[in-house]
Amino acid sequence: MTTRPTSGPPDDTTRGKVIQATLECILDTGFYRASSNEIARRAGVSWGVIQHHFGTREALMVAAHRAGAARLEHLVEEADVSGPTPAERLTRYWDLLNSYYGRPEYLASLQISLNLTRDPAVSAEASETIVTINERTQKRFIDLEHEVLGGAPTTPGFLFHTLRGLALSHVVLEGITPTELKAQRHPENRPAHARQLIAALAKQLE
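In this text, residue positions in the sequence shown follow this note's numbering: the first is 7, and each later residue adds one.
Derived by calculation from the structure, the hints in this document are not laboratory data. Heads up, the beta-carbon is just placed ideally off N, CA and C, and yes, glycines get one too. Each hint should be verified, as a subset may be incorrect.
Claimed, not checked - Using 16 Å as the maximum straight-line C-alpha spacing, the simulated EDC-like pairs for lysine to aspartate or glutamate come out as follows: (1) 209 x 94; (2) 145 x 83; (3) 145 x 79; (4) 145 x 84; (5) 145 x 86; (6) 23 x 44.
Stated by the list, open to error - Pairwise CB distance ranges (calculated): (7) 39 x 163: 30 to 40 Å; (8) 124 x 175: 17 to 27 Å; (9) 199 x 161: 19 to 29 Å.
Could you put together the complete structure from these sequences and hints?
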């Protein structure tokens with residue numbers, strides 16, 4: 007299975023190319039099979055160059071983890087979910103969540119998080135990244151959710167977890183579907199499911 011992360015403009019710096027190659031390698035082969043040599047080959051550099059920028063493989067994984075966290079923080083800070091109707095606000099909120107949690111690189115970030123937080127050499131550093139990004143984005147997500155709901159009463163986080171779950175379910179299913187079955191899937195179902203869920207939620211808010 008070969009899946010390419012495609013969201014956002016490419017980072018053409020050496021560090022950016024190596025991090026991108028790291029994510030691609032993890033998606034294709036898994037965290038533990040994403041070897042130093044394979045990452046270097048995909049990035050078009052030598053392992054010595056990677057060592058110069060990152061040091062160890064573990065440090066490279068930490069850097070890739072932080073890059074994903076920084077991207078989420080940027081997306082949340084720049085988000086605009088305004089709109090005259092609940093459906094329009096919900097659509098904007100869905101687009102925000104889907105642009106991060108509905109992308110293949112999020113699956114790579116999950117693998118990195120799960121493995122780094124269990125590695126004694128870097129677990130404290132990885133956990134700190136997770137705590138920091140949660141602290142920085144949680145309040146912003148809550149504020150955006152309030153804006154989308156327009157003051158309608160609901161359990162805090164309900165909207166976030168519902169729409170994030172939909173985005174994540176699609177990218178997980180696409181990631182584990184065998185190549186020979188992909189042609190039988192219907193890609194139009196992904197936006198259709200989002201539209202149906204948004205319509206149902208908007209109806210409750212109107």
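Consistency of the hints with the structure:
For the hint linking residue 209 to residue 94, the alpha-carbon distance of about 12 Å falls within 16 Å, and the restraint holds. For the suggested pair residue 145 and residue 83, the alpha carbons sit about 11 Å apart, so the restraint of at most 16 Å is met. The suggested pairing of residue 145 with residue 79 holds, with an alpha-carbon distance near 11 Å, which does not exceed 16 Å. Taking the CA atoms of residue 145 and residue 84, the gap is about 14 Å. The hint holds against a cut of 16 Å.
With a C-alpha separation of about 15 Å, the suggested pair residue 145 and residue 86 falls inside the 16 Å cut-off, and the hint holds. Between residue 23 and residue 44 the alpha-carbon distance is near 13 Å, which keeps this suggested pair within the 16 Å criterion. The supplied range of 30 to 40 Å is met by residue 39 and residue 163, whose beta-carbon atoms lie about 35 Å from each other. For the pair residue 124 and residue 175, the supplied restraint of 17 to 27 Å holds, since their beta-carbon distance comes to about 25 Å.
Between residue 199 and residue 161 the CB atoms are about 22 Å apart, so this pair conforms to the stated range of 19 to 29 Å.
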